[in-house]
Amino acid sequence: MKKLRRLSVIMLLVCSVFMTGCDASQIVEVIGKIAQGVQQAMPAIKNVVDTFSNIFGNDNNNNNNNAAVNNANNNNQQNTEANNNSQANVVTVDPNAEDVTGNTGNNANKSTESVEEIIRGAQIAVPYGQVGTENTTAAAAQIKAKYGITMLDGKSWKDEWNSATADKWTQQQLAQFAAIMEKLPAGFRGCTKGFAMQKDLRDNDGNEAGGLGGDPIMISSKAVVEEGWTSMASLVVHEMTHQVQAKQPDVLRQWAAKFWPNGKLAKSSITDYGNTDAGEDMAECVAEYFTNPEKMRQHDPERYDFIKNNIWK
Amino acid sequence: MMRASLFTILVMFMAMPALSMIRTLPFPDLVKTSEVIVIATVAAQEVLPGEKIAKTTTSLTVEKVLKGEIKAEESLQFTTPGTKERPVRDRPVFPGQGERVLLFLVKNDEGAWRLQNGMQGLWPLEAGSDKTLGMGFNYSIEKIQEELAKK
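For the protein sequence lines, the chains are A and B, in the order given.
Oh and the first sequence: position 285 is 285 in our numbering, straight run, nothing missing.
Oh and the second sequence: position 82 is 82 in our numbering, straight run, nothing missing.
Honestly, the hints are just simulated from the structure, not real lab data.
Since this is a predicted model, take the numbers as computed values, not measurements.
Think of the CB as a built atom: it goes at the ideal place given N, C-alpha and C, for glycine as much as any other residue.
Heads up, a few of these hints could be off.
[Claimed, not checked] Using 20 Å as the maximum straight-line C-alpha spacing, the simulated SDA-like pairs for lysine to any residue come out as follows:
| id | chain 1 | residue 1 | chain 2 | residue 2 |
| --- | --- | --- | --- | --- |
| 1 | A | Lys146 | A | Lys193 |
| 2 | B | Lys67 | B | Ile53 |
| 3 | A | Lys144 | A | Lys110 |
| 4 | B | Lys84 | B | Ile53 |
| 5 | A | Lys267 | B | Phe137 |
| 6 | A | Lys264 | B | Arg86 |
| 7 | B | Lys52 | A | Lys267 |
| 8 | A | Lys110 | B | Gln77 |
[Unchecked claim] Which bits of chain B does chain A cover? Going by a derived footprint, with three or more residues having C-beta under 8 Å, they are:
| id | stretch |
| --- | --- |
| 9 | 76–87 |
| 10 | 92–99 |
| 11 | 112–119 |
[As the list claims (entries may be wrong)] Some chain A residues well away from chain B (every beta-carbon gap over 10 Å; in silico):
| id | residue |
| --- | --- |
| 12 | Thr137 |
| 13 | Thr165 |
| 14 | Glu182 |
| 15 | Ala186 |
| 16 | Phe188 |
| 17 | Asn262 |
| 18 | Ser268 |
| 19 | Glu294 |
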């Protein structure tokens, strides 16, 4: 066990060196951000670690048993774990929407797992220094002081599946951003800690995205220019909703139980993109609630009320 | 101690950002710009290791061609990040073996078929009803045929 711990620390340091090019101050920043990420992702990570611990513990306790018994024990362990998750994650907003006893079997479990996967995705945090440099203009400093949000000028990066090109916040964009923050409720706004501006976000097939989830949020300047495909307000609020899902996961669990019973969409979201999963459904609807509340109310009064009562505070 | 070690390792491997809020094509543009539109069945799936996350290779058999020139029963293959259990947000996730999908396809620079606009080009079909799901929730096979009939 000591070896495992030592190995983890060595890997952490090696990764930090690779990510920062041996810059001591950046290494400290990277470690700090990872620690921050651990803190934010703690509930989700704890679930995963508990699962591992239980499985390993189970294996150790059954070393002398035959394979069939071990398999049966593991299956029971996993089933118990799944049932526990199901009970823990389903908040009984609408008892008719989902069988909270878990009696719906595989569908309910799959649905719960899929929501937990969305939450884990929203909780991903990368070191700020890896994707951007803090914008130190007066406007950015004011945003940080007033709303606690660090504004980053994005760096270019590429991984196996996605890529981004560097861009900087313009004074006009910072003013627009500050005006949006001013209109948001404090609880909603407080879930977001960082925003990086990139020029172009793409997957490896060349498909464009407006933003990249996680902490910091990365947005594409190309998406919000005049001839772009979305507005700054819509994109910013959409992405900030994912941070609400990361910090207040019960809200998404309630949303999913109500509008995606057993993992199936009951009624169309406000956009086609919102029909992809419960997380994007909520993000699209909250963005519409902010930019065009009357359209949102007319489209679906239930979703509108949910946002008003549970998210917009 | 074991928990602390696992925390550190997991956090390092979890740091995979995911796209969010893709650029959505209007339905008529999706139909118009796709070189091929087919109904296909998932024939096989294989999960492979990736740099940071596992990836899935899905092979499909074409069942019906709605648009374009592709041989019926021609085999299609796509590699996508993540797995059904561990999907990557905003990336296409194919359903399991034997399930059916509607695909909007274009050719990439190497001449291989790729999904038009990523996840927007993959509509799962509900077993038994052929209802289009995912980003196709508000549409149908008939609506695609109507759109194709417009000249």
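Taking the numbered hints from earlier one at a time, note which ones the structure violates and give those numbers from smallest to largest. 2, 3, 7, 8, 10 and 18
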